[in-house]
Amino acid sequence: MSEQYVNEPMLDLFIFESMQLIEQMELLIIANEKSTTYASEAINEIFRIMHTIKGSSAMMLFNNITTLAHSMEDLFFVLREDKPPNVDYSELSDLVLEGLDFIKVEIHKIRNGDEADGDASELITSLRVFHNTIKGQDVKTSDLNSAQGTVAPETRPQEKQHYYISKVRSETTSLRNTFQATLSFEQDCGMENLRAFGVVNELRELVEEYYHIPEDLDHEDSARVIAEQGFTLFIKTDHSLEEIHRVLIQTISLRDLQLIQGENSELFNDLKEREILLEDSPVKVPTAFRDKVVNEPEEKEIQASAIQQSIISVSVAKLDQLMDLVGEMVIAEAMVTQNPDLKGLELNNFEKAARQLRKITSELQDTVMSVRMVPLTGTFQKMNRTLRDMCKKLNKEVQLQLIGQETEVDKNIIEHISDPLMHLIRNSIDHGIEMPSERETRGKPRLGTITLEAKNAGGDVLIIIRDDGEGFNKDRILAKAREKGLLQVPEDEITDKEIYNLVFLPGFSTNENVTEFSGRGVGMDVVLKNIEAVGGGIAADSVPGKGTIITLKIPLTLAIIDGMNIKVGDSRYTIPTTAIKESFRPKMTEVIVDPDNNEMMMVRGQCYPILRLHDIYHVQTDVIHFTDGIIIMVEQDNKTLCIFADELIGQQQVVVKALPEYIRNTKKVKGLAGCTLLGDGSISLILDIGGLIFRQSA
Amino acid sequence: MKKLLIVDDAAFMRMSIRNMLQNYEIEIIGEAANGAIGVEMYQKLRPDVVTMDITMPEMNGIEALKAIKAFDPQAKVIMVSAMGQEGMVKEAIISGAKTFIVKPFKEEFFYQTICKVLGI
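Read top to bottom, the protein sequences are chains A and B. Using this note's numbering, the first residue of the first sequence is number 88, and each one after it goes up by one. Using this note's numbering, the first residue of the second sequence is number 24, and each one after it goes up by one.
Honestly, I wouldn't trust all of these hints.
What the hints assert, rightly or not - Lysine-lysine pairs mimicking BS3-like chemistry, simulated, CA-CA at most 30 Å apart:
# : chain 1 : residue 1 : chain 2 : residue 2
1 : B       : K67       : B       : K89
2 : B       : K129      : A       : K191
3 : A       : K405      : A       : K430
4 : A       : K121      : A       : K405
5 : A       : K668      : A       : K757
6 : B       : K129      : A       : K196
7 : A       : K170      : B       : K67
8 : A       : K479      : A       : K531
9 : B       : K89       : B       : K99
Said to hold, decoys possible - Derived list of chain A stretches under chain B, where covered just means 3 residues or more per stretch with a C-beta under 8 Å from a C-beta of chain B:
#  : stretch
10 : 137-146
11 : 156-166
12 : 563-574
None of these hints come from the bench; they were simulated from the model. Cβ coordinates follow ideal geometry from the N, Cα and C atoms, glycine included.
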């Protein structure tokens, strides 16, 4: 393709579409690998995918991808057309997956702006060898060599000189004109032999006899010969030179045409002597074509498996921008409708209009949010590949069960959880699931099971990874934690759950033998870090000998939350409404102070710690007596806390903005999730309830 | 302005074709992601020329070509093929495709092909 057309969006689309196709193909392979043979729809689909990738990468001039895709396409062409017996499908899967990995790496390079310079020749050789192996078992394959590019001479039709005369016409000998036409085609137009065939096809109705050089247009080499030497056509016809010229000159991609009239029939008779072939049909039906007709029912299968697309793809950057704009609009809306200038005014019509604006803004926001939501399906499905590779390498037998993969999560978040998930699955297979023989002696089914489940829980999504392996070894974890000095709680007070969660601490890794897959120097702490980066959390539980459960909690979205704005002195804070249980004006009788001066609130017979916001954030306020202010009871992870503030301002959707970098860099403020802009233009700090509870209990 | 319908299952190819023609007097009146949609759009939009991919889900380019030709024998269809598809291309020519182009192709060549097919 011309350089100027390789622009960014096209490259993006190429990357996006190719990656999607590769993922789809991986799934197909893994799904089919289990059975002894590939389903015919799968072979069709894979053939089509490789074909598309070949075409697209050729347009982008990524030649190494093109060649590799081409050889894979060829392989599946043979599988589709010949259905050769005794194919080693497991080897095929390995080969093809390896090929996909290669393409993936190249695409990653392209995405990063690097040269796609990988060398696929080794892979292509392996594919060829495999191709030849299955070909060796099947005679029919010889027809397909043209696709492979290696033509075995003895299988080609004999190099006879053919020309075709339709039976009826050949009997009439009153043909007046003979012509010799030499055509050459545009450089690099491709498949010159078929262009020539097109010419012959056009002329068929007009001419009685014809003969051409090269004779065999099906032959691989004929394209090259025509490109170099042109295509020469001898015809015998009742039509005039002008008429023939008119037809020939219409040939598309024609570079040059020479048409001369033969003196008499000498020229033709000369050729006739070589060999005359009488055929009922003037055009030979190519073998591949005939196969096609026989295979008609198969085509139906394709139709059934295809999915209609009514989806457009949009770059995430654009969505981010849209989200930002909607966020700004939410703020602007608040700035207008809650404008301080309006205070105390009687504005009935304005109120009505403002309500309408608020309604539409909130709908718009919901819609934009929903656009950004993508199902976890892709992320979950990817784990199949991880599982397959791990099992093959470690000789373990594990199945993956996926539950709730249709659960939707913000696109940005999905990108952050893919790696942690993969790591956790690897860990489960490597450290959790036992070897098949060992499982049998323990009375467990040979086949291990890992369940990956996603479900909605309030404003969060829970992703649960459950395996039926040997579970965590409590003593070993404890010993390790002791050794590394990670224990902060006295050992006799620590609960099992707390022990299990020690594995997420930085610098913790129980496995001495670092394997290729898990424990590559990075441990569970990296998983935790990734999850925390999107505001999520992680928890582990385990039953010795029975298995392990790891729960990831990730927020649905990052950008906009429903918040309750509160006031402390001159400062504003926002509490996510999902965390609020209730708020009330306390009575002094309900407040208890323990000997250490810790204040508690007694609510319906339960005691909860009180957190004075003005205290922890050092805010000047006149409201220091509980009876003057308000208590907001918040809950997270089954832990409850009472926050004491001056007053409630009101509920509002707020756009979460990260704390400015210079604040984050200078000081880590515990209990703050970010900040936001309120309607009156003031800045409000968004409280991180989990952090506050942690701070209180620490 | 002449009207063009693109039938290709790869969004990338549809975009390529669109980009190639952006500076020319050719209006792309539709994009179809498979043969079946292509035939339907042809009947509805009556384009002057169609670019038709060969390997597509639902209904492949050859079948779509035949269906379009059955509906409108004058239809001008350019097959978009790739190396290794000689058999299919041949079938397309027999079935009435005006011509074909081979991926990868260049913009000028592509435009000239369209012009020639349209007789302009």
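Next on the checklist: When the structure is checked against the list of hints, which entries are broken? Sort them ascending.
Outcome noted: 3, 4, 7 and 12
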